[in-house]
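K.L.:
Each protein sequence line maps, in turn, to chains Z and F. Going by my numbering, 1 is the number at position 1 of the first sequence; the sequence numbering is gapless. Going by my numbering, 350 is the number at position 350 of the second sequence; the sequence numbering is gapless.
If you are wondering where the hints come from, they were derived from the structure by calculation, not from laboratory data. Quick caveat: nothing in here was measured; it's all calculated off a predicted structure. Even for Gly, the Cβ is constructed at its ideal location relative to N, Cα and C. There may be inaccurate statements among the hints.
[Claimed, not checked] FRET-style restraints, in silico, Cβ to Cβ:
#1 Z:F10 - F:E312: 38 to 46 Å
#2 F:E319 - Z:R289: 40 to 48 Å
#3 Z:T38 - F:Q360: 22 to 30 Å
#4 Z:N52 - F:V300: 47 to 55 Å
#5 Z:A202 - F:E312: 47 to 55 Å
#6 F:E312 - Z:R192: 35 to 43 Å
#7 F:R304 - Z:R192: 28 to 36 Å
[Claimed, not checked] For the chain Z half of the interface with chain F, some residues (derived, Cβ under 8 Å), not all of them:
#8 A19
#9 L26
#10 V30
#11 I124
#12 G226
#13 S263
#14 L266
#15 H274
[What the hints assert, rightly or not] Below 25 Å or equal to it, Euclidean Cα-Cα: the simulated DSS-like pairs (lysine-lysine) are:
#16 Z:K179 - Z:K112
#17 F:K302 - F:K323
#18 F:K408 - Z:K102
#19 F:K362 - Z:K254
#20 Z:K179 - Z:K102
#21 Z:K184 - Z:K112
#22 F:K302 - F:K408
#23 Z:K184 - Z:K203
#24 Z:K102 - Z:K112
#25 Z:K184 - F:K408
#26 Z:K254 - F:K371
#27 Z:K179 - Z:K203
#28 Z:K203 - Z:K102
#29 Z:K153 - Z:K238
#30 Z:K184 - Z:K102
#31 Z:K112 - F:K408
#32 F:K323 - F:K408
#33 Z:K254 - Z:K238
#34 F:K408 - F:K297
#35 F:K408 - Z:K179
#36 Z:K179 - F:K297
#37 F:K297 - F:K323
#38 F:K371 - Z:K238
#39 Z:K184 - F:K297
What follows is each chain in one-letter form.
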Amino acid sequence: MMLKLIQKMFFAVVLFFAAGILISVLLALVPDVYLDQTFTERFVSNVTVFVNFDYSHSEFGEYTLMDVILNRGVNSFSLIIMSLGCILLIGIPLGYFASMRKHVFFTSYWEKAIHVISSCPILIWALFFNFIFINNHILPTYDSMLEAHGVLKVVFFMLPALTVAIGDGILSDVIRMMKEATDKASTEEYLRVLRSRNVPVAKHLIRSLLPAVGSIISNKITYLIGGIVVVEYVFNWKGLGYQILSSISTTGAKNYNFVLGASVLLVGVVVFVHLLSDLATILSDPRIRTSQKI
Amino acid sequence: MKKKFGELNPEKKHKRFAGKWQYGEVLFGIIIVSLLILGTCWAYIEKQELLEIDVPNQPPANIKLQQLLHKPDTFKVSYRKINQFSQSFFNNWNASSEEIQYQVLSGPDNMDFDNATGVLRWTPNIDHRGTQIIKIRLFSGKEEKILSNIRPDFAAVVGEGYYCLFPAYAIQTPDTVYETLIQFPITVSSQKHILGTDVMGRDLMSSLILGSKWTVLPGFIVAFISVFLGAVLGGIAGYFGGHVDRMLGLIAQLFAAFPSLLIIFLVAAIFNFNIYLIMIAIGILAFPQIALTVKNKVMVLKNRQFIEAAQELGLRDMEILWKDIMWYNLRSMLLSFMTYGFALAILMEVTLSYLNLGVQGKSESWGNLLKYGREQMYQGQYWLVFIPVVAVLVSIMGFYLLGDGIRKLSMVEDAQYE
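Full structure from sequences and hints, please.
P.N.:
Pasting the structure below:
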């Protein structure tokens with residue numbers, strides 16, 4: 001088992017470095033008239049910054065790059081956590097009930113309705129919510145969040161987080177994956193034995209579904225991070241995605257070091273979540289844990 | 001034989017997927033695809049004619065002001081087709097025009113305002129296309145209460161053939177109740193423009209047609225590259241395994257760890273926001289998913305008996321892979337992946353253009369229409385966003401339904417032969 005865990009961790013580190021080098025290559029290829037450097041020089045400087053994790057130099061006035069990344073990162077990661085919460089609170093229970101209540105007449109209909117609703121792109125959902133809720137001052141967004149206290153800040157997250165969670169087919173994917181996982185788990189032999197002896201199976205079934213939930217989250221975290229870039233732009237939410245966009249686009253001020261740092265942070269989070277999911281699967285499933293196969 | 005619980009009747013197996021809906025889906029998809037292709041052809045051929053902006057001379061337009069009861073802190077936005085609206089104009093009229101006087105502070109140059117009746121006459125011409133802002137001051141010395149309760153809800157350009165919209169825009173109640181300032185934009189367009197005009201006076205219908213050219217060719221690039229790479233690498237990985245299989249797994253894991261939108265942003269910056277080159281990158285990013293699906297299908301199919309028979313007959317491996325597996329068994333799946341590629345391309349074009357990273361300048365791509373229409377949406381001109389959104393949704397849905405329909409129809413065939 002230890003060998004498996006070490007192998008997974010090693011693979012995650014390799015993946016992280018591969019992704020960092022890929023970003024460095026791409027950033028070195030971006031044409032910049034202000035930099036009088038060749039591709040190789042820029043690539044080497046990017047890799048140096050990435051490997052040394054050196055974001056202390058200042059390009060934002062009095063703030064260092066690290067300050068800005070952390071400041072924006074708090075907003076972005078709050079948004080990601082809130083949208084993960086939406087998925088956990090909406091998608092996972094719906095998927096579970098879609099599997100358990102299959103014979104109910106309405107199940108297939110609301111499943112199809114959610115599928116249609118969810119396949120609408122994030123951008124269009126964001127515009128729609130913006131028009132309905134923010135234009136009519138029903139729900140607030142980023143602007144006055146800093147003045148809000150404690151739990152009330154959740155209100156500010158509701159619209160962007162919900163947009164990321166349901167758009168681009170993420171919610172319907174989660175429901176489908178959860179339904180398949182529940183279908184598969186509920187036909188296991190040991191559950192049939194439990195049913196035959198009139199033991200309530202829900203506890204055992206939910207426990208066996210936890211690795212599946214982990215794999216769903218690790219599968220969807222990449223899409224969520226892609227989604228928050230769009231949502232931050234539309235809702236004027238000052239997060240990492242907003243800053244990356246303004247650092248790249250034609251209208252914003254170019255700042256490729258910020259793009260490097262922010263991308264590495266986001267990739268790091270994705271790799272970490274994938275690793276956690278893998279480790280949880282290995283530790284929770286005795287068949288994988290005890291097998292000799294690597 | 002007794003049927004097990006949950007087992008479908010084998011005699012009715014082919015009816016599981018057969019139905020009118022599949023043909024309807026395919027038909028709907030084909031109509032959407034044809035419309036897009038036609039729009040693209042038209043955009044390339046008749047570009048000058050489509051871009052022509054025209055506001056014909058019509059009878060004078062009249063603008064009147066209407067008072068409704070004041071609801072504090074709410075701004076109602078209303079849009080009306082004025083020809084139908086002008087008759088029900090004086091509903092909820094609380095004050096006669098004698099008690100209130102008007103003064104026009106600014107507006108179009110050839111505008112004429114009758115202070116006694118509150119009628120504003122104005123003939124828009126070609127120079128007035130787009131949005132004109134009219135500022136009017138209301139004041140009264142007699143009834144203070146009335147003016148404190150004023151909420152103007154506008155109003156009318158009544159000219160035959162003119163559609164106009166009247167967002168009741170920012171009424172500021174001043175400290176003194178004696179006067180108030182009304183400011184509202186009027187967008188000039190004529191009946192010639194079926195879907196209205198945008199803020200620059202361009203016909204929205206023409207813009208939509210011109211924008212369809214950014215869907216077909218980019219879509220074809222994404223679809224072709226992703227499906228070609230997916231079929232070749234997935235087929236080889238599934239049939240032969242080995243290094244290609246391992247490479248495919250590594251690439252898929254690397255791409256899964258990386259938010260693809262970030263790579264697309266960087267690629268867009270590298271290629272100087274050239275949409276066609278960005279679409280090549282999107283195709284490359286999309287292929288691992290297709291390749292993995294194809295690989296799984298090929299791994300299932302290569303253990304079937306007809307493959308064994310072909311191998312016994314002495315057919316070459318590549319021939320079996322491309323002819324027996326890919327062409328005869330997986331072509332409908334690959335075709336449906338191509339339609340999904342088109343949908344992905346439309347989605348990415350709209351998103352990137354909206355984020356200033358896609359089609360540059362003021363070209364009429366659908367994403368640009370959304371981008372420029374967004375500011376106007378808050379002023380009540382909702383169709384500038386609504387109509388492109390409908391176009392995007394309908395085209396994406398058309399491509400998805402086409403793919404689904406093709407898949408299900410092929411499943412009907414499979415079920416009939418089994």
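K.L.:
Now, for every hint given, state plainly whether the structure supports it.
P.N.:
Hint-by-hint comparison with the structure:
1. Z:F10 - F:E312: 38 to 46 Å: 44 Å, holds
2. F:E319 - Z:R289: 40 to 48 Å: Between F:E319 and Z:R289, where Cβ atoms are some 44 Å apart, the hint holds.
3. Z:T38 - F:Q360: 22 to 30 Å: 27 Å, holds
4. Z:N52 - F:V300: 47 to 55 Å: This hint holds: roughly 48 Å between Cβ atoms.
5. Z:A202 - F:E312: 47 to 55 Å: 52 Å, holds
6. F:E312 - Z:R192: 35 to 43 Å: Distance hint for F:E312, Z:R192 holds at roughly 41 Å.
7. F:R304 - Z:R192: 28 to 36 Å: 31 Å, holds
8. A19: Constraint on Z:A19 satisfied, holds at 6 Å.
9. L26: 4 Å, holds
10. V30: Where the cut-off is 8 Å and the nearest Cβ of chain F is about 5 Å from Z:V30, the hint holds.
11. I124: 5 Å, holds
12. G226: Holds. Min distance 4 Å.
13. S263: Hint holds; Z:S263 Cβ to chain F Cβ min 5 Å, cut 8 Å.
14. L266: OK, holds: Z:L266 within 8 Å of chain F, min 6 Å.
15. H274: Because about 6 Å separates Z:H274 from the closest Cβ in chain F, which is inside the 8 Å limit, the hint holds.
16. Z:K179 - Z:K112: Measuring from Cα to Cα gives roughly 13 Å; hence the hint holds.
17. F:K302 - F:K323: 12 Å, holds
18. F:K408 - Z:K102: 22 Å, holds
19. F:K362 - Z:K254: 22 Å, holds
20. Z:K179 - Z:K102: Holds: Z:K179 and Z:K102 sit about 10 Å apart, inside 25 Å.
21. Z:K184 - Z:K112: 21 Å, holds
22. F:K302 - F:K408: 22 Å, holds
23. Z:K184 - Z:K203: 16 Å, holds
24. Z:K102 - Z:K112: 13 Å, holds
25. Z:K184 - F:K408: 24 Å, holds
26. Z:K254 - F:K371: 21 Å, holds
27. Z:K179 - Z:K203: The hint holds at about 17 Å.
28. Z:K203 - Z:K102: Holds. Z:K203 to Z:K102 sits at ~19 Å (cutoff 25 Å).
29. Z:K153 - Z:K238: 15 Å, holds
30. Z:K184 - Z:K102: Given that 25 Å is the threshold and the Cα spacing comes to 14 Å, the pair holds.
31. Z:K112 - F:K408: 17 Å, holds
32. F:K323 - F:K408: 22 Å, holds
33. Z:K254 - Z:K238: 17 Å, holds
34. F:K408 - F:K297: Between F:K408 and F:K297 the Cα gap is close to 16 Å, so the pair holds against 25 Å.
35. F:K408 - Z:K179: 21 Å, holds
36. Z:K179 - F:K297: Holds, at about 22 Å.
37. F:K297 - F:K323: Judged against 25 Å, a Cα distance of about 15 Å means the pair holds.
38. F:K371 - Z:K238: Roughly 19 Å separates the two Cα atoms, so the pair holds.
39. Z:K184 - F:K297: Roughly 20 Å separates the two Cα atoms, so the pair holds.
The structure shown violates none of the earlier numbered hints.
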